[in-house]
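Visitor: Each chain is listed here by its residues.
Protein chains: 2
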Amino acid sequence: MLLSSIDQMPSSSLARYLDGEFWEIKDAFRDAISKSDLFQSSCYERTLDQNRDLTADRLYHILRQPVMKEHLKNQLKEKQKGFINKSMSITEVVCAADMNTGVKLGVVCGLYGGAVNNLGSPEQKIKFYLPVSELQFTGMFAMTERGHGSNVRGIITEARYDQPTQEFIIHTPSEDAHKMYIGNAMKGNFAAVFAQLIINGESQGPHCFVVPIRDENGVMWPGVTVSDMKHKEGLHGVDNGILIFDNVRIPRENLLGKFGSVSADGLYSSPALRGNRFNAMLAALTPTRLGLTVQAMAAMKLGLIIAVCYSHSRRQFGPKDQEEVKIMEHQTQNLRLMPHLSAALALTFTSRYAADLMDDALCKGEDLQSNRALQALVAGLKAYSTWANVACLQDCRECTGGMGFMMENRIPSLKCDSDVFVTFEGDNMVMLQVVVRELLTQYTKQMGNNLVMGLIRNLTSSASDSLRTSFLGFSVDKVGDLMFLLKAVRYRERVLQRSLASRLYTKVDKNKEEFFMAWNSCLHHVITLAMAHIHRVTLEQFALAVQDCQIKEDRALLSKFCLLHGTSLVYQERAWYLEHKYLTPTTSRQIRSQLLELCRSVKDDALKVVDDFNIPSCCIQAPIAGIANPRAEWAFYPKPEYPSSTQPLSKL
Amino acid sequence: MLLSSIDQMPSSSLARYLDGEFWEIKDAFRDAISKSDLFQSSCYERTLDQNRDLTADRLYHILRQPVMKEHLKNQLKEKQKGFINKSMSITEVVCAADMNTGVKLGVVCGLYGGAVNNLGSPEQKIKFYLPVSELQFTGMFAMTERGHGSNVRGIITEARYDQPTQEFIIHTPSEDAHKMYIGNAMKGNFAAVFAQLIINGESQGPHCFVVPIRDENGVMWPGVTVSDMKHKEGLHGVDNGILIFDNVRIPRENLLGKFGSVSADGLYSSPALRGNRFNAMLAALTPTRLGLTVQAMAAMKLGLIIAVCYSHSRRQFGPKDQEEVKIMEHQTQNLRLMPHLSAALALTFTSRYAADLMDDALCKGEDLQSNRALQALVAGLKAYSTWANVACLQDCRECTGGMGFMMENRIPSLKCDSDVFVTFEGDNMVMLQVVVRELLTQYTKQMGNNLVMGLIRNLTSSASDSLRTSFLGFSVDKVGDLMFLLKAVRYRERVLQRSLASRLYTKVDKNKEEFFMAWNSCLHHVITLAMAHIHRVTLEQFALAVQDCQIKEDRALLSKFCLLHGTSLVYQERAWYLEHKYLTPTTSRQIRSQLLELCRSVKDDALKVVDDFNIPSCCIQAPIAGIANPRAEWAFYPKPEYPSSTQPLSKL
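So the protein sequences, as listed, match chains A and B. The opening position of the first sequence corresponds to residue 1 in UniProt numbering, with each subsequent residue numbered one higher. The opening position of the second sequence corresponds to residue 1 in UniProt numbering, with each subsequent residue numbered one higher.
It should be emphasised that the hints constitute simulated quantities derived from the structure, not laboratory data. Treat each hint with caution, since some may be false.
Label-pair distances were calculated between CB atoms; the ranges are [what the hints assert, rightly or not]:
hint : chain 1 : residue 1 : chain 2 : residue 2 : range
1    : B       : 559       : A       : 511       : 29 to 37 Å
2    : B       : 228       : A       : 134       : 44 to 52 Å
3    : A       : 319       : B       : 222       : 37 to 45 Å
Ideal placement from N, C-alpha and C gives every residue a C-beta, glycine not left out.
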């Protein structure tokens, strides 16, 4: 098998800037992937078992990399500077190479590893995780049950303490307690299982236990049954299964006891209040949730590289009796692709910002759970990014026509593999409700104890009216100013927050409606606010990243995409702005013209940007993006060059 | 293998109404499919060859049905009453059973059959199509080339007349002339090939030729090469390939000569002007284009059956200390699903209307090409319906969470199989341009010869201002009135049309911009107008169907969904209405409240509607929709009953 040539060109300044502080780690993984036979070829005729075996081989290859081994060792320690950022860098590069491997890495190191390292004692880390870094075994993460996916608090798997033997008895009381969709279920050796801890018949709420599933020879632990869920839309290399426990006995030491432990004689103790305990455990998974944003972003970048390159090679239609134009010149083509490209850039900077916040908090020894802004950001980013990815890949598929439907051109498998991101590890609709819960709680804390009243006071007393006034100072031609866009998205978030608080207050406090019912009747409002929050943060972070960029040309280029991102966000919600008279009919139309004009003006720059995503050609694969493939010569289009020669259309 | 029980219940009045005039044909196919072993099981471990063989077997099973044989015989005759409507009925039922079979049926009977029967002589029909109805051979349709997919007018395959032998020499002059994505390429025997007819070195434009590809033993015709394009995102049972012709000789009689024929001594004659000829040929494919709308609609209905049933079984979250609520009760869940359901109903009536128009025209011996309104409708419906389907299935997938990602629950394969509809047989972006071209031409014809000026005259002299006035007569509470919604969508179409005409006039006539450049700079406007046109027609046709419904209860139910469809259309475009001051901020908010309220109010009725789609359980397959599957017991949820017991939330 022929190894694809590793890109020898030194990275451009923009590529380095997009890679961020840990570019060396990324380069090390790019190199390892480009040099490995395992990542060179794609094949669409593998059986499920062959796909799973290949994914396992790829996972081990990644785990064997020296830089990875060192990283995993660091995971066992506390307060490792930049640990989250490094993890995200690795995640992005591995996911770009193969989403299956990335997801499986996330299960083994992020979820199982996250549970053991964040909820376990030093001894437990050494016993249950150190061997993972030494490739002795792998783990899985068993939280979701058949009856409770989104509402995980309602899980019913039991863990009864049996004092005479000092063991926990893990048990599945009903079909609805089956642990479902468990990744690595058919291959992993240990599971981090969430179950209701019961001592002397009394429940202490959900806790996490390490349960042996099978030994290195595949012999099952007594009482454990695993069944295979087999075929999915994508991620064929990830083995998802169902775990059923029939009075499975595990030693008392297998309870991961950071937020609740049981003494030999059956006494329960916990540093956390009962209501907070489960949230505190879930907070340990915050980095994994951010990982999903990075995974979605990797898929977006790949799709965009392929669609942008092809759009600059393929020609169709044109002025009479002249050469046909590149399809990128078609107004609708650049209008569909460029906003996604700006969103991918916004996500690059915003996910790094979130990782920085987490790294800072962890280094200071702060717990992540009580950082409401961070929790809101990470939950919201998960929803925003995974939906942005679905929309982006769909447009990439459509913008590449029949070529984009062919497996050899990579987009179909990216779509199928990443589609599940919008519902797994926290359904997006649930994530957005988390955002608003965190935002409301944050303000309540600042303002006193009454959730709703606190929020209203905060809002009315603060900036909303002055914001409104400051808007009135804008002249019409300021619509093209980034400050105008930033103020617009901030204004929208504030107003949505105030009106939601007011509605909830009326329903719950005044009309005494049941809370769930009241909340549910505002759910569309809740979701809208959550998205507005994330939109605002992505635009702010993009703007800051532009400001921080030291190379003048790069800053100029990023600045255009940042303006496009903001314009696109305001354009999407222009109905709301018109309803609130923040935009006039005239300025609203200006926003549309501005969007069309910006998409047109960055379409050639897009080639530089996708090039600077710096993804090795063995990961891109698509012949329509200039990666030759002897199996699909019919799909080959040479890679377009940047800067492209000026097209007559560019002057339109 | 166990045959699934055929639904013995007599159809409800609504089911009959949704089925339409040709319900007996639909029932005959439902019965044939339900009774056949071939359609009972799904399997996700087949190789490409196995998938293709199964699809071929299924196709033959369908072709062998007595009612199908009769239908195909009728295809050879002219002016068969209801032929198009019957074809659409068959297409819908077959596609619901298996999209691969439906697409392959479309290739063999719709495209190849359409070409032979509409462009050929009686003798050619008997020679090249009668045997298809007798299962002696199958055909394929070779228009698209590597270099020209959307812009088919630019195809470069050559057909040179060789007078000494009285043969045409079909030749592929370059790689860009390869006939690509050809369905049935690996199995079919004859191809309807579009090529530039060249006589004595002079080109007469594209014509269609029947070219033998391989005989019944698989022996290739001299000079023909076929290569396999293999793996796609979906439609794994459809064999797409590449055809290459190396000076392939075919008899003179193989030119399908309705719009241009060649005498033995090389004299060309045509009843059509050169500029119109190719369009006239393409018009023969109008029914196939409508078929795509029906295929997309079948996929939508299946997705909705599954998502609606599961949403009424699955429970998650709820009021404190009470049973969790059905996920359908979540505001965002019914908000996401119900508009798709109303769109599926709108498409049911609108596609039937389009088929009626075609049947009428064909019975009267009118040609379809010059019926501009019909061409605009069919092209627009293709784009609208296939995008509606992609959006619908994506929401169905997300609304069914992890279950919806599992192959056993059917949604993933529906998504992957129907995704290509948005770009094949006319990319949607191209289709929408066709809509506007037809609309503009239609008005130009009415108004005199100057395209743009005619249009402007037509518009300014007519209804736009009175429309505006009539709006001002509406009081605010009329937003909930269907008439308000109908007037709104009509107003929007007119205004968009007038403003587009005015822009084109300024650019082309006044500023002398090159036409393609001018058109391209208005492309977003063009697309917007085309969608507005189709929105308007779907709402009108839905409203008419409500009016025509004879059973009071059914009419009442359809009326709610019709109002929802109109509300959803206006809600989507409320920014435009606000920009044009057709909605005030207050009425715009009312539209949103109305949308939320309508979605809530029809969520239980949705169960009756999806039941009345009348799709056999062997086609639905999904265990989460109550179809038991021993292979995936973990996915089974019993079918919810209608009318569901009143939920407390329904009173919200």
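Visitor: So, for every hint listed, does it hold in this structure?
Guide: Verification of the supplied hints:
| no. | hint | verdict |
| --- | --- | --- |
| 1 | 559(B) with 511(A): 29 to 37 Å | 32 Å, holds |
| 2 | 228(B) with 134(A): 44 to 52 Å | 46 Å, holds |
| 3 | 319(A) with 222(B): 37 to 45 Å | 41 Å, holds |
Violated hints for the displayed structure: none, as all numbered hints are satisfied.
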